[in-house]
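Asks: Here's the letter readout for the chains.
Protein chains: 2
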Amino acid sequence: MRPAALDWSVDNCTIARAMAILGERWTVVVLREVFNGVRRFDDMRERTGVPRQVLTNRLAMLVEEGLLRREPYREPGARARHEYRLTPKGLDLWPVLVAILEWGDRYLADPGGPALTTEHRDCGARVGVVLRCADGHDVASARDVLPRPGPGARPRYATGMASATS
Amino acid sequence: MRPAALDWSVDNCTIARAMAILGERWTVVVLREVFNGVRRFDDMRERTGVPRQVLTNRLAMLVEEGLLRREPYREPGARARHEYRLTPKGLDLWPVLVAILEWGDRYLADPGGPALTTEHRDCGARVGVVLRCADGHDVASARDVLPRPGPGARPRYATGMASATS
Numbered sequence: 250m251r252p253a254a255l256d257w258s259v260d261n262c263t264i265a266r267a268m269a270i271l272g273e274r275w276t277v278v279v280l281r282e283v284f285n286g287v288r289r290f291d292d293m294r295e296r297t298g299v300p301r302q303v304l305t306n307r308l309a310m311l312v313e314e315g316l317l318r319r320e321p322y323r324e325p326g327a328r329a330r331h332e333y334r335l336t337p338k339g340l341d342l343w344p345v346l347v348a349i350l351e352w353g354d355r356y357l358a359d360p361g362g363p364a365l366t367t368e369h370r371d372c373g374a375r376v377g378v379v380l381r382c383a384d385g386h387d388v389a390s391a392r393d394v395l396p397r398p399g400p401g402a403r404p405r406y407a408t409g410m411a412s413a414t415s
Numbered sequence: 250m251r252p253a254a255l256d257w258s259v260d261n262c263t264i265a266r267a268m269a270i271l272g273e274r275w276t277v278v279v280l281r282e283v284f285n286g287v288r289r290f291d292d293m294r295e296r297t298g299v300p301r302q303v304l305t306n307r308l309a310m311l312v313e314e315g316l317l318r319r320e321p322y323r324e325p326g327a328r329a330r331h332e333y334r335l336t337p338k339g340l341d342l343w344p345v346l347v348a349i350l351e352w353g354d355r356y357l358a359d360p361g362g363p364a365l366t367t368e369h370r371d372c373g374a375r376v377g378v379v380l381r382c383a384d385g386h387d388v389a390s391a392r393d394v395l396p397r398p399g400p401g402a403r404p405r406y407a408t409g410m411a412s413a414t415s
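Chains as they are written, first to last, in this note's numbering: chain A, 250 to 415; chain B, 250 to 415.
Mixed in with the good hints there might be a few duds.
Note that the list lumps identical chains together, so a pair holds whenever it fits in one copy or between two copies.
[Claimed, not checked] Keeping only pairs whose Cα atoms sit at most 20 Å apart, straight-line, the calculated SDA-like set for lysine to any residue is:
hint : residue 1 : residue 2
1    : LYS338    : ARG319
2    : LYS338    : CYS372
3    : LYS338    : PRO360
Hints were generated in silico from the structure; no laboratory data involved.
Working from the sequences, and respecting the hints, build out all of it.
Replies: Written as structure tokens, this is what we have:
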């Protein structure tokens, strides 16, 4: 059976576009640092071991993509420097990081358990992600979610035949 | 103010471990294909344009990591081949992909809208991710989630002083 997805172009797929940002080595690790309150270049470098030039590039890319912004600060007696803060676009990545953390904790944690956990500010319970539909139903499984062409979907071929044209 | 996170090691961070798998170029795109029902090598290659050798490597890695499994099939008159199916470990990545899709659709979609949407099998409404704590409260914002050391957290230094040792 021919998958229906073959009729649709992936040229404007937003998963691929998001991964062009998030898939760069160390990007998500840098975002994790900022979400954890580690906002300064030297602190990030010391904690993560990311090479200096790579960290410089990643931070510049995240600023350019609008996920982080630079904020000046000055330690007593030192020159003015910048720290990195999340923009709304960056903050909106939090569900992505929590989803990655949950999956990682389930399958990749040390026997002693996860290194990091999350706490709901109001009640102290652990925070995770759940799937929910726009009508408010909880969605238990990936099997209950059907991928469909969206409003911006583009047919791959006018005929819909994958092998008709090159 | 010194961020508390600096006292804790990131050596066993499961976000970094997850990104070592998901961050490889094309990995998430390949998973997207399988979630969309595109399970065969030639179909994936044709739709995504991933170079043949890269796709071979990614699929082998995803099988080795236990996210995909190979299932034999045979077209009439052709030799036996394999298609790729999600394992439970792979299926559990669905919230990660949906979270990436939602963020991508919000910030990176074409003016015409997202290429792909999701549909709840039961009611047809769009499916997204929401943050929820273990006590069942919806969590509206990243600001309501506090990162905390988990059971497997390791102090970075016995003294807790970041600069005391190298």
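Asks: A separate judgement is required for each hint: does it hold in the structure or not?
Replies: Consistency of the hints with the structure:
| no. | hint | verdict |
| --- | --- | --- |
| 1 | LYS338 / ARG319 | within (14 Å within a copy, 38 Å between copies) |
| 2 | LYS338 / CYS372 | neither (26 Å within a copy, 30 Å between copies) |
| 3 | LYS338 / PRO360 | between (35 Å within a copy, 18 Å between copies) |
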